[in-house]
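Protein chains in written order, with full-length UniProt numbering: chain A, 1 to 300; chain B, 1 to 300; chain C, 1 to 300; chain D, 1 to 300.
Quick caveat, the hints were computed from the structure, so don't treat them as lab data. Since the model is a prediction, treat every value here as computed from it, not as a measurement. Worth double-checking, as some hints may not be accurate.
Simulated coverage check for chain C against chain B, where a stretch passes if three residues somewhere in it have a Cβ under 8 Å from a Cβ of chain B [stated by the list, open to error]:
1. 76-82
2. 91-97
Taking beta-carbon pairs under 10 Å as the criterion, some of the chain A residues facing chain B (in silico) [said to hold, decoys possible]:
3. D29
4. G32
5. H157
6. I158
Note that beta-carbon positions come from the ideal geometry of N, C-alpha and C, so glycine has one too.
One-letter residues, chain by chain:
There are 4 protein chains.
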Amino acid sequence: MSSQSNQVQQASEAAGKSGRARMLISCPDRPGIVAAVSHFLHEHGANIVQSDQYTMDPEGGMFFIRFEFVLNDMDSELPVLVEDFARVADRFQMRWNIFRASRKKRLAIFVSKEDHCLLELLWQWQAGDLDAEIAMVISNHPDMRQLVESFGIPYHHIPVTADTKEEAERKQMEVVADKADLIVLARYMQIISPRFIEQFPNRIINIHHSFLPAFVGGKPYAQAYNRGVKIIGATAHYVTEELDGGPIIEQDVQRVSHRDNVENLKRIGRTIERVVLARAVKWHIEDRVLVHQNKTVVFN
Amino acid sequence: MSSQSNQVQQASEAAGKSGRARMLISCPDRPGIVAAVSHFLHEHGANIVQSDQYTMDPEGGMFFIRFEFVLNDMDSELPVLVEDFARVADRFQMRWNIFRASRKKRLAIFVSKEDHCLLELLWQWQAGDLDAEIAMVISNHPDMRQLVESFGIPYHHIPVTADTKEEAERKQMEVVADKADLIVLARYMQIISPRFIEQFPNRIINIHHSFLPAFVGGKPYAQAYNRGVKIIGATAHYVTEELDGGPIIEQDVQRVSHRDNVENLKRIGRTIERVVLARAVKWHIEDRVLVHQNKTVVFN
Amino acid sequence: MSSQSNQVQQASEAAGKSGRARMLISCPDRPGIVAAVSHFLHEHGANIVQSDQYTMDPEGGMFFIRFEFVLNDMDSELPVLVEDFARVADRFQMRWNIFRASRKKRLAIFVSKEDHCLLELLWQWQAGDLDAEIAMVISNHPDMRQLVESFGIPYHHIPVTADTKEEAERKQMEVVADKADLIVLARYMQIISPRFIEQFPNRIINIHHSFLPAFVGGKPYAQAYNRGVKIIGATAHYVTEELDGGPIIEQDVQRVSHRDNVENLKRIGRTIERVVLARAVKWHIEDRVLVHQNKTVVFN
Amino acid sequence: MSSQSNQVQQASEAAGKSGRARMLISCPDRPGIVAAVSHFLHEHGANIVQSDQYTMDPEGGMFFIRFEFVLNDMDSELPVLVEDFARVADRFQMRWNIFRASRKKRLAIFVSKEDHCLLELLWQWQAGDLDAEIAMVISNHPDMRQLVESFGIPYHHIPVTADTKEEAERKQMEVVADKADLIVLARYMQIISPRFIEQFPNRIINIHHSFLPAFVGGKPYAQAYNRGVKIIGATAHYVTEELDGGPIIEQDVQRVSHRDNVENLKRIGRTIERVVLARAVKWHIEDRVLVHQNKTVVFN
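Put together the whole structure using the sequences plus the hints.
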């Protein structure tokens, strides 16, 4: 989560006419938090339409809450609400964010040669199931330009080789700068550098093609086949410096058998990967995910 | 949900030293409910440790909320809190209940000849996973007396025949009167009369051995076999006058194939039935289930 | 399954160079069937690479078997094998079929306005996961012409109104005649007439958007919402004259909650529908499905 | 799998009146195996009621087959069949086994303090779902004696300490010698020595309380909690010298969320463990599992 000044700015930018906003809070647990925040929202004319709350431990743990509320005159009221909330937040040592629902998150989707995860996102987006703006697709291969541009989405082909890796990443960062709120690695087969990751803390989602932490690293389906597992899976997680070690957002699995060779596992896995990644992206853009100490709280 | 006077009484009865209580509310949605209730709880020294909320429709729908809170001196404070809450409840036209967590629900389990659902409940109870008191087991057969009594639980054998049905039910009602908060039909193969049902509104849980409403009525596994379904299931629901038509609390399923004959379906189904019934009972005794217009809201 | 003369013809038509073929047999069970058929195949130079077998009942039930075998010189050997097999088949009163794997089944996909099931089939087909030829797409709406033609697949827009229903179906039958081996109703929202159905016995696959037989007929997601089920599903089945009553090929489900309104159920359901239909089509075109008395045997 | 002489002996011992037998074969794949074996069985009066077959790779891979057949006069015919089969087996370099269905496998169940897996096995056995003889229960604790003996099953309390580990295992081996066909480690929290394992190759089944290979070693639920996985599981596998590394027989999983603390994961996990272990044991005693290079082929 970003700092408070960013939050004010973001929320202000997002302000338009009227509608819904979402508030995410994490703070040390102590009595009166729900009362204080809900009282505050009520006083500011906000009607809470959904709330989700989780306390790690009633005694001295962390407290997480998500409010979704309706404001009648959001353009003028939300900035006031955001400014005033600082006092409540200070009192409870809150890390917090307010997002206006109508301000769609802008996605930059990274792909390599496999298209299934990208296609799923495009379809769900086209069907209206993914409430985001797909700002661009970036690929180290030229293959999917036609497909992507047929959706009216800009396509940036930025080749990556062992020698040009650093230069390529610099270009990627230029292209996404100020244009993306969320990076989605839709089977992008390159490692992202720490420098890039720190630009998007908990805002890079990767799909890993195994049930993590079962098969960390490369060729997970081959690893799964060799181990003879009876169930395979996929994992969507935020990217951190530790390879395949970031906070898990969503996982799903499917039953397989001895009959399934590596090719079959890949084929079955593609459907799991697609669905898991799309769910994680959906929850992120609906502001349903909080991160605490390398784990997620998902209010879905 | 019972009337307010009952609630006061129940809550008062339940009061002991200190600990947790749960509050279930349903009312028409309008602005300020969360603020009013959480403010009220905070003022009365109650620290909210979990809250779950659901609005059917932001404009003019129903609103459901469950609070779990800690009170330091529950013996003296809860009665005051309950009494004072009447004013808040009136203002918002609430149907509400407060349950003290330490006051275990008393279960009367009805069985016929199949023991798997009963055994599951007994094991989970013995393992400490079912926070209830098993007040008695009632059966129209004598078979399970030894098993039940070995757990230190009273066993009432009340035979039922076509002729003695009414008389038998009168005896059942005598036995459970004032001794049970929840009736669990753990594969009890007799129809419960409307007279009995109205004594326990939304407090009789039945396990139906199909994925309702797929195979209403008798011999659901034979029906499932004949229809050639690829998945079978079980359904735990509150009992209403409509056969197999009450509010569904929980369902689960398992994949089957053409290889599974009726006997296999029954065998596979037993495991589903056990798990589904135990989950529904667990959620009920933890006050996680609200009923509205023949549907449940389950905060699990 | 078609008659023996058809089988000879089909198998002959399919013959090319060399490769795999699949044999599907159903017959009354009696000793020696596996021995007789596997001995026959071995004598004809066919190497069995997979066999699946199911006996409904060891005493006097039906027997189903699927052999997948490799023939070295299929062009010349398969016709001989097919011709010679008639004697074995007669002896055991077999209904049988032999399909050459390299002869791809030709699909005619029917759609209305919802595109998710069609898109899934197109994508799996393009990814090489669906070993078929998509001969055409037929729709009562013009909407998907561009999409379908971009895949190089002919698109037939045949409008259907209450008045023109019979005429429209006549056109459909003309268009598919001799050009399709399998009709796939990919959310085609029109009833198919018995006249059409009898042209494609067990060769029309429909996707129904409920866990049949739970919500037969129209608006199943609204029915599911009203009944308050905790799990929704989809069902792929062969079309028979009984509405939503044909042999079930595949079903799958997903957990939902009280939070999911009808729109959400539809959205969640779309993913289930896509996956279930694609699996059923895949199994059919790989000759893995046998039908007996309104039920399927699926060797997958 | 044991050598041929053992097979003859076992099969002979098992011979009684009449009934079913099961034949498990693994061998290098080449043309004519199914034909040869099914022809052989037919000639010996055996009627195949089920066959399952799997070829790892049509060209030069391994071939696995399971036949279930009925013999009319098993007492006199099975020994002949077994003896004669040696010639077929030699020709195809088969490793093979024939098991008479009526000869129930004898189980020795090892437990420590957690009783849920043992209870599940006892209950399924009592319900007739586990076609085995439970020869004994062995525990390093005295706690479950009464429970086990109430089922009429011998209970051996063999304490294990760091100092007495070797001695204790010697006693265990004495107790099970010639009395058990399968060892089931039903949450037995001690490491089995290589010396013990080699006495029961692929005949010791362990339940590991994680989705292997995700959380090898101790405290898997704590590991799962710390990693923040969204799904937990359990794994039944044959025990080899590599800790938690033996051939996987069965796995299953259940969805969890951030709300589930370690205690909850353990509670949810118990149900998965019970079900997974019971399935693995069931498949083993029905001779449905073949092992090849640390992986299983399960014909279920």
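Structure-based check of all given hints:
no. : hint  : verdict
1   : 76-82 : violated (count 0)
2   : 91-97 : violated (count 0)
3   : D29   : 8 Å, holds
4   : G32   : 5 Å, holds
5   : H157  : 43 Å, violated
6   : I158  : 44 Å, violated
Hint compliance for this structure: hints 1, 2, 5 and 6 are broken, all remaining hints hold.
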